[in-house]
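J.: The whole structure should be built from the sequences, with the hints applied where relevant.
Residue-level listing of the chains:
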Amino acid sequence: MTFKPIKFYQTGSFAVGNRLLSENLRTVQSDIARSDSLTLGHRACQGCGEALGARYALDAAMRATGNKVLATNATGCLEVFTTPYPETSWQIPWLHSVFGNTAAVATGIAAALRAKGRQDIRVVAQAGDGGTEDIGFGCLSGMFERNDDVLFICYDNQAYMNTGVQRSGATPPAARTATTEAVGSEPGNVFGQGKNLPQIAMAHEIPYVATATVSELHDLEAKVEKAMTIRGARYLHILVPCPLGWGSEPSATIRIARLAKETGLFPVFEAEDGEITGVSKIRHKLPVESYLLEQRRYAHLFAPTENRDVLDKIQAIADRNIVRYGLWDQKTEEDGNMSIATEQ
Amino acid sequence: MLEQIEGSRAVAKSVALCRPEVICAYPISPQTHIVEALGVLVKTGELAPCEFINVESEFAAMSVLIGASATGGRAYTATASQGLLFMIEAVYNAAGLGLPMVMTLANRAIGAPINIWNDHSDAMAVRDSGWIQLFAETNQDAADLHIQAFRLSEEISLPVMVCMDGFILTHAVEEVEMPSQEHVDTFLPPFYPRQVLDTEEPVSIGAMVGPEAFAEVRYLAHAKQLLAKERIPEISREFESVFGHSAGGLISAYRLEKAETVVVAMGSVLGTIKDAVDDLINHGINIGVLGITTFRPFPLEEVYARLSGAKRVVTIEKAFAVGMGGILATDVATALSRAQVDQYSVIAGLGGRPVTKASVISLLQDAVSSKLDPLTFMDLDHEVVKKEIARMNESGRSGPPAENMLREMQLKTFSKQKERAASEEPG
Ligand SMILES: Cc1ncc(C[n+]2csc(CCOP(=O)(O)OP(=O)(O)O)c2C)c(N)n1
Ligand code: SF4
Ligand SMILES: [Mg+2]
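Line order of the protein sequences matches chains A and B.
For the first sequence, position 189 matches number 189 in our numbering, and the numbering has no gaps at all.
For the second sequence, position 242 matches number 242 in our numbering, and the numbering has no gaps at all.
Some hints could be false.
What the hints assert, rightly or not - With a straight-line Cα cutoff of 30 Å, these simulated DSBU-like cross-link-like pairs (lysine-lysine) come out:
hint, chain 1, residue 1, chain 2, residue 2
1, A, Lys331, A, Lys281
2, A, Lys116, B, Lys224
3, B, Lys258, B, Lys224
4, A, Lys116, B, Lys43
5, B, Lys412, B, Lys357
6, B, Lys387, B, Lys412
I should point out that these hints are in silico values taken from the structure, not numbers from a laboratory.
T.: The structure is reproduced here in C-alpha cells:
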C-alpha cells in the first residue's frame, strides 16, 4: 500500500467539500441518510453555532452507533430553542431535567442501560459552557471520576446566552457581557480568571478528551465517531459562536470559529487517558485582531481608540497556547497546504 | 420470617426484595446504614442486576435516579435533612416529570443550627414538591411501606418518599416480620414505564411548557395525587392479602370511637402518644389517636370523617412553619374547616428532643381542661429565649444566638448541680 499526499488548493483544508473524497471519507452531514437528530422547527437565532454543533455532533454519534443514542440536555439555549411545547426538534430520545445535573442524569441512563444489558445503546449528555463549567461542574466531575459510559458535549459560546449574555467561567478576558460591561478602567471581563475545562477533564484521566469548532466539520465528526468507539467517560468541548452574544454577523459563525483556531485562541486537540495525542495545526497564522474585530463584544478594544495593551495581552494568550500545544509549524505553513494520505 | 433487625437493615432488605436496578448512595446520618447494606447486597451479587453508584452529592443522586427512571429502570436512594435540601431542585423535577422512584427519608432536623437528630423539618420542606409522602410508625411499617411505595409509584407514575424517624427507627433493633421474595414478586409486577427513552420510539421528555399548558400539566400532578388517595387503601388491602398482615393506608385510628379529644400525629411518636392516651383513658378521660400514614396526598375526607365529631383535636408534630405555626395542624384545620372542633397545635421533639410520655400526658391534661395555648411548643425553655431577646435588645452585636443560648443552658445546668450538691452536703 502506498500513500500519496493530495492537496486541496482552494483553501488548504477539507472544506473544498465532499465531492473530492471517496464516499467513506465524506461527512455524515453530506449523507442524505443522516439521522437529522436535531431537525427543522427549532427557534435558534440565525447563524447559531450551538444549533449547528449539536446537529453535527449528534448525527455523527447516531451514525457511529447505528442510531442508538439517548441524549440528555442541560437547561440553556439548546434546550429552550429546541423544545417549546408542543413542538420538539429532536428526532432522537431526549431528556431535559434541570440546569446543573445533566451529567448525573446521563449517568443514571447509562446505569439503567447496564442493568438491562443494553450496552449497545449509548448516552450523550449536552450542556452549554455554564451548564458544564459552572453550575454543572460537580456532577460532571463526578461522572468523569467514576468513568461512567457517557459522552459529555459542552457547547461553548463563552457566556450564559439563554439568560441574556452573562459572564460564565468560560468567558474570555476583555469580552463584554451583560455582567462584565465594557465600562470602567478594565472594560469587559477581567484577566486572570476562568477555567480550562478540557485540561480539567484530562486531569481526571478519562479515556478521551477533545476540542473542536463548528468550522471543521470533518474534524468534529471524526472526534465524535472516535469517542463512540470508546467506553467510559468522554468529553468533547466544541466552540460554538453565538451571533447574539458575541455581536457577530450570523453569516460569520463558521469563519469566526475558524479564526478562533487559526489565531491560537482556541486550541483544537485530542487527548487520551490524560495525554495529548493530536493537535490541529494552525494553517495560516493570524493575529488575534482578525478574530476580535468581527465581534462587537470586543468593540471597546478598537474604539474610540485602540487599546494596544489589552490586545497584546490577548495576543500573549494565543502565543502561549501556540507554544503550549504546539499549534503552529512555520514550515508546514510555508509548504502551503495540509495533506492527507489516500489509498492508491 | 420474624427477625431481630435494625430498622435500616430491614428497609435495605425490603428494598432489595423489590429488585431495584439502580441505587445511589451518598452518606448522611441517619440514613447511611440503609445504602451501606444495599451496597453489600449488590457487591455480593445477592441483588442483581443492579447498579450501585457512589455519587458525589445528593443532587447527583436524585439526578441519576431521574435518568435511570426515564430509561425504565427501577430506582432507589435514601437521604435526610441537608441531603434532601441539597437535592431539592431535582426532587421537584422528578415529581414534575412524573417519574416513578422510591426514596427513604430518614427524618432529621434541618440546620442551622446544624443538628443530626430527628424531627420532620426535612419532609415538610418538600411537602409541596409533588412527591407522595408516607410516614412509618414502626420498623415493620417502614419495611412494608417500601414495598407498597414501589407499587404505587410505578402505577401512578409519581415518585414516593417513605419517611421514617431518624435514629428512633433507623437505628432501633426491633422484631420485624421480613417479607419473602416470593410474596414481593407476587405483589410487585415488573416496572412498565409510562414514558421511556427508547431508540425505537423517540420522545422528548422535559420539554419547555409555556402559559398555554403549564396549569394543565401541573393540575395533572394534583389529579394523580388524588388518584393515589384512592389507590393507597386498595394497595394496602392487596398487601394484606398477600403478606398476611396489614400496613399502609391513609390513616390509622387508635381508640378513636366516640373520643371527645383526639390527638393527631405522624411517625414513631405515635407509640408514645398511644401509651399516654392509654393512661389518660384509665383515668377516665375520653381520648383517642389518629395517625397520618399518608401525608401527601393529604387525606382531607378521612380526617374530616374521623375528627368532625370530636370536641377537640390536638395535633402534635415535629416541625413547624416559622412565622406561622404547625404544618400538619394547618392541614388538619383545612380538613375541619366545616366542623366545630377546638383545635390545638403542638410542636414537639425538634432536633431530637425526647417526646416523653410524662410531657405528653401533662400537655393533654391541659388541653382537656382548656388550659392549653392554641400554639404550644412542648417543653420549651422560654426563659432562655427571653434572655437572648433581651441580649439582642441591649447590644447591636449580641453574637451568635445558638452559642449564647447553649451557654445559658449550661449555666442553668451548673447552678442546678450546685444546688443539688449543696443540699446533699452533710451537716
Ligand atoms: C439553577 C438554575 N439557575 C439559573 C437558571 C437560569 N438559566 C437558565 S439557562 C442559563 C444560562 C445557560 O448558559 P449556558 O449553560 O452557557 O448555555 P447557553 O444558553 O449559553 O447555551 C441560566 C443561567 C436555571 N435555569 N437554573
Ligand atoms: S443566543 Fe446564541 S446560543 Fe442562543 S440561540 Fe441565539 S445564537 Fe444560539
Ligand atoms: Mg453558554
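J.: Are the hints correct? Go through all of them and say.
T.: Do the hints match the structure? See the list:
1. Lys331/A / Lys281/A: The given pair, whose Cα atoms are some 11 Å apart, holds under the 30 Å limit.
2. Lys116/A / Lys224/B: Distance of about 28 Å is within 30 Å: holds.
3. Lys258/B / Lys224/B: violated (33 Å)
4. Lys116/A / Lys43/B: Judged against 30 Å, a Cα distance of about 17 Å means the pair holds.
5. Lys412/B / Lys357/B: holds (24 Å)
6. Lys387/B / Lys412/B: holds (12 Å)
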